[in-house]
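Peer 1: Here are the chains, one letter per residue:
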Amino acid sequence: GDSVTQMEGPVTLSEEAFLTINCTYTATGYPSLFWYVQYPGEGLQLLLKATKADDKGSNKGFEATYRKETTSFHLEKGSVQVSDSAVYFCALSDIDDYKLSFGAGTTVTVRA
Amino acid sequence: DTEVTQTPKHLVMGMTNKKSLKCEQHMGHRAMYWYKQKAKKPPELMFVYSYEKLSINESVPSRFSPECPNSSLLNLHLHALQPEDSALYLCASSQGIPGNEKLFFGSGTQLSVL
Chain A
1 GDSVTQMEGP
11 VTLSEEAFLT
21 INCTYTATGY
31 PSLFWYVQYP
41 GEGLQLLLKA
51 TKADDKGSNK
61 GFEATYRKET
71 TSFHLEKGSV
81 QVSDSAVYFC
91 ALSDIDDYKL
101 SFGAGTTVTV
111 RA
Chain B
1 DTEVTQTPKH
11 LVMGMTNKKS
21 LKCEQHMGHR
31 AMYWYKQKAK
41 KPPELMFVYS
51 YEKLSINESV
61 PSRFSPECPN
71 SSLLNLHLHA
81 LQPEDSALYL
91 CASSQGIPGN
101 EKLFFGSGTQ
111 LSVL
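These protein sequence lines are chains A and B, in that order.
Residue numbers for the first sequence follow our numbering, so the first one is 1 and each next one is one higher.
Residue numbers for the second sequence follow our numbering, so the first one is 1 and each next one is one higher.
Treat each hint with caution, since some may be false.
[Stated by the list, open to error] Within a straight-line C-alpha distance of at most 25 Å, the following computed DSS-like cross-link-like pairs (lysine-lysine) qualify:
1) B/Lys102 <-> A/Lys56
2) A/Lys99 <-> B/Lys36
3) B/Lys22 <-> B/Lys102
4) A/Lys99 <-> A/Lys52
5) B/Lys53 <-> A/Lys99
[As the list claims (entries may be wrong)] Residues from chain B that face chain A, not an exhaustive set, calculated with beta carbons under 10 Å:
6) His29
7) Tyr33
8) Gln37
9) Lys40
10) Leu45
11) Val48
12) Glu52
13) Cys91
14) Ser94
15) Phe104
16) Phe105
17) Gly108
18) Ser112
[Claimed, not checked] Per label pair, the in silico range of CB-to-CB distance:
19) B/Lys22 <-> A/Glu8: 28 to 38 Å
20) B/Gly14 <-> A/Tyr39: 28 to 38 Å
21) B/Gln110 <-> A/Val82: 43 to 53 Å
22) A/Thr12 <-> B/Glu52: 21 to 31 Å
Just so you know, the hints here were simulated from the structure itself, not pulled from any lab data.
Beta carbons: idealized from backbone N, C-alpha and C, even for Gly.
Can you make the complete structure from the sequences, with help from the hints?
Peer 2: This is how it looks when you write it as structure tokens:
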């Protein structure tokens, strides 16, 4: 079945550092890929998504590119802020499917 | 209004109690979801309602009973829960086109079963 493997944390960074969180997937079809973020005490929010190979999703300085050849969707941000401290989940959804398969989540802490 | 509202925010219940979790959205979404999330784990899908009909039940025990009274409301009725059911229960909604949709999540109900 479909699955997502993402880099486990926790990850601790200083402000303005470069962040990358690795995510790879296994799917039988042509899934859509997502990054969701969960701030403390809140539900999840969609950060970005990509629906086909070579698509790049971007939002709030974060980027991820759908790489079919490496089955990856790594999340990157060039200069993190304290407010980026959260748990980040990579997820996929296969076509015509309501189910989201989530990765384990990566806790990111940014220090001032 | 792009919010999914969940009540209550916190709930403590005994194993013999009956309680309900409520979820509401006014975005015109036609799919609504219940997820269960344990601490430091990803959310696990429990139920999906599509156009007010139960579309997915992920083999959830019968002590959890979902209900979708209309397209804006989703309830989760709880009865005879176990301590291991303690978790954050998240409601979500989406437009209703499966496959590449953005899910909007509520802030969740933190449930403790004593």
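Peer 1: Does glutamate 52 of chain B pass the interface hint, meaning its C-beta sits closer than 10 Å to a C-beta of chain A?
Peer 2: violated (14 Å)
Peer 1: Is the Cα-Cα distance between lysine 22 of chain B and lysine 102 of chain B 25 Å or less?
Peer 2: Roughly 21 Å between the alpha carbons, so the hint for lysine 22 of chain B and lysine 102 of chain B holds.
Peer 1: Just to be careful: measuring from the Cβ of serine 112 of chain B to every Cβ in chain A, is the smallest value less than 10 Å?
Peer 2: At 15 Å from the nearest chain A Cβ, serine 112 of chain B fails the 10 Å test, so the hint is violated.
Peer 1: Less than 10 Å between beta-carbons is the criterion; does tyrosine 33 of chain B satisfy it with respect to chain A?
Peer 2: holds (7 Å)
Peer 1: Between lysine 102 of chain B and lysine 56 of chain A, is the straight-line Cα distance small enough, at 25 Å or below?
Peer 2: Judged against 25 Å, a Cα distance of about 16 Å means the pair holds.
Peer 1: Can you let me know if the beta-carbon spacing of glycine 14 of chain B and tyrosine 39 of chain A is within 28 to 38 Å?
Peer 2: For tyrosine 39 of chain A against glycine 14 of chain B, whose Cβ atoms are near 31 Å apart, the range 28 to 38 Å holds.
Peer 1: Checking hints one by one. Is lysine 40 of chain B an interface residue toward chain A, by the C-beta closer than 10 Å rule?
Peer 2: Holds. Min distance 7 Å.
Peer 1: Can we keep the leucine 45 of chain B interface hint, with Cβ of chain A closer than 10 Å?
Peer 2: holds (6 Å)
Peer 1: Does the interface hint hold: is histidine 29 of chain B within less than 10 Å of chain A, judged Cβ to Cβ?
Peer 2: violated (12 Å)
Peer 1: Would the hint on phenylalanine 104 of chain B stand, with a C-beta cut-off of 10 Å toward chain A?
Peer 2: holds (8 Å)
Peer 1: For the hint on phenylalanine 105 of chain B, just tell me whether its beta-carbon gets within less than 10 Å of chain A.
Peer 2: Holds - the Cβ of phenylalanine 105 of chain B comes within 10 Å of chain A, reaching about 3 Å at its closest.
Peer 1: Taking the least C-beta to C-beta distance, is valine 48 of chain B closer than 10 Å to chain A?
Peer 2: holds (5 Å)
Checked against the numbered hints listed earlier, the structure breaks hints 6, 12, 18, 21 and 22; every other hint is satisfied.
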